[in-house]
Amino acid sequence: MGEFLACTDGSEYSEKAVKACARAAMYSGYGMTLLHVIEDVVTYAELPDEPGYKILKEKANQILKRAKQIVESVDKNIDCKLRIAHGRIASEIVRISVEGRYDAIFIGSKGTRGKLLTRMLIGTVTDEVIINSHCPVTIVR
Amino acid sequence: MKYMVCTDGEKSAAKAIEVAAQFAKISNSDLLILHVIASEVSRATPDYDSYGTQTQKAQTIINKALEITTQFAPEITVSTRIAVGPVSAEIVRIAEEEGIAGIFIGTIGSSKLKKLLLGNVTDDVIHYAHCPVTLVR
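Taken in sequence, the protein lines are chains A and B.
Following my numbering, the numbering of the first sequence begins with 1 at its first residue and continues without gaps.
Following my numbering, the numbering of the second sequence begins with 1001 at its first residue and continues without gaps.
Chain B with its partners taken away, still in its complex shape (with noise of 0.2 Å):
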């Protein structure tokens, strides 16, 4: 069984790596991370340079969560991926295609204001995976 947890590399994205790297580790499963660089406009006419620099930074992104999981479930086997593309809907693809049994994704902030809103790729998430859809705080 695999799981797979999204981040973005905010605080949030943090605890859900947390959590799922410790639902991976109590159910002896594998875990996939996975960071989607957002764009929303086709790629036939790429900007090299600022794509170089976004892929940089999802690498940076990737490395900060797999230091989460070695400290929190050393012994889970953890995969990564890199995709590009909408974010929720390569999410939702990604998930189909690896065959997750369970995604982990952060929620935005803990203000009040911000504590009202779930984030649009949360909800197109939750509506459309074919699998159950952890919120983690």
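Excised from the complex, chain A in its bound form (with noise of 0.2 Å):
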């Protein structure tokens, strides 16, 4: 049995990858990951009690917990993990998916930081997905 990764940063775009990941699951009786990448805190993992770490900790798992449920909604029998990564969001993506031998990603076609420029078709993190995956890569928008 395979298994599909979804990444969430809690944006439009992403929940209804997400959306579209559990689809893809319940056709297919794969499970699913879901994904959520903290960004940048290299310090923060070495300082768990970091007030501003908390913060996004909690952020984090509100995210993923909204997704759970947009999982659910879809079918609930659905295998779904999920999954907290701290990094470069785009780099963690590429290295998780390869690293838990992923048959998929699911990313929305841009995040909450693209959200402001609705000139930009395709998100900065999205765009670094794509060409660093060693798997499909599925756009949902």
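To be clear, the hints were calculated from the coordinates, so they are not data collected in a lab.
All the given hints hold, so there is nothing to weed out.
Below, a list of computed lysine to aspartate or glutamate pairs in the DMTMM-like style, where the Cα atoms sit at most 25 Å apart: (1) A/K16 to B/E1098; (2) A/K19 to B/E1096; (3) B/K1002 to A/E15; (4) A/K65 to A/E15; (5) B/K1011 to A/D127; (6) B/K1015 to B/D1124; (7) B/K1015 to A/E99; (8) A/K19 to B/E1098; (9) B/K1025 to A/D79; (10) B/K1002 to A/E72; (11) B/K1015 to A/D127; (12) A/K16 to B/D1030.
Partner residues are not named here, just some residues of chain A that face chain B (Cβ under 8 Å, in silico): (13) A20; (14) A24; (15) A104; (16) S109; (17) L121; (18) I122; (19) I130; (20) P136; (21) V137; (22) T138; (23) I139; (24) V140; (25) R141.
Between beta-carbon pairs, the in silico distance windows are: (26) A/E50 to B/I1082: 57 to 65 Å; (27) A/E99 to B/K1011: 22 to 30 Å; (28) B/S1079 to A/R83: 33 to 41 Å; (29) B/L1066 to A/G2: 19 to 27 Å; (30) A/E99 to B/S1079: 35 to 43 Å; (31) B/M1001 to A/K81: 21 to 29 Å; (32) B/Q1056 to A/T112: 46 to 54 Å; (33) B/F1072 to A/H134: 12 to 20 Å; (34) B/T1070 to A/G2: 18 to 26 Å; (35) A/E39 to B/D1123: 24 to 32 Å; (36) B/I1026 to A/R88: 29 to 37 Å.
As the structure is a computational prediction, the values presented were derived from the model and not from experiment.
Think of the CB as a built atom: it goes at the ideal place given N, C-alpha and C, for glycine as much as any other residue.
Got two chains here, separate frames each, mind docking them using the hints?
Spelled out as structure tokens, the structure:
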């Protein structure tokens, strides 16, 4: 059995990507992992009691909880894992997709950062994932 | 449910067809293979000779794609379609017309420089398609 990786930062497009991934998992019987990457917190990871890190971690948990609800709204029987990672967002997504031997990455066409630039078609993180990924990448808009 | 894969006969497209066929297989879906003959110019004065050669070429590309699907997923239902027009616009239009659940498309090359380029067609398809687009390298 295979497994899909859905990346979310809580933005509108990423939630659509989560939904698309859940549908694909439902139709194929594959498992899926919801991934949220906390950006650039090498120092935070070393200081787990730092208040700023606690806020980000709390936010990450909320984002994943909402994403999980979206998955359950599609199908309750999907084998869905949650994962929080730290580091550069695109690099972590690619690294985890290779390490976990995922069959495909599902990602929004842009996330919280690209949203502000309405003329930008594909977000910078998504772009980097497409360029460096080893597996098929599904872009959801 | 029906998926669609776009092919231009290139190597990257072959990989996309393979992935699309496997996706269709695991999710019990049909697959539509599409090739678009690029034409930005009006067909009002068609040059029949070159048009004939192009359709012939298109048929070869489609046949090659069919070989790949039978190799990787002989049990799926495959349909084919050849269209003429601006490539990305035709892909988006046909995906909508056929009620496609996901488009599969290859991204060009693996060289460092080419890696940076997604290709105009792929870029446009991602932006205008009504459904998720899967990029395969």
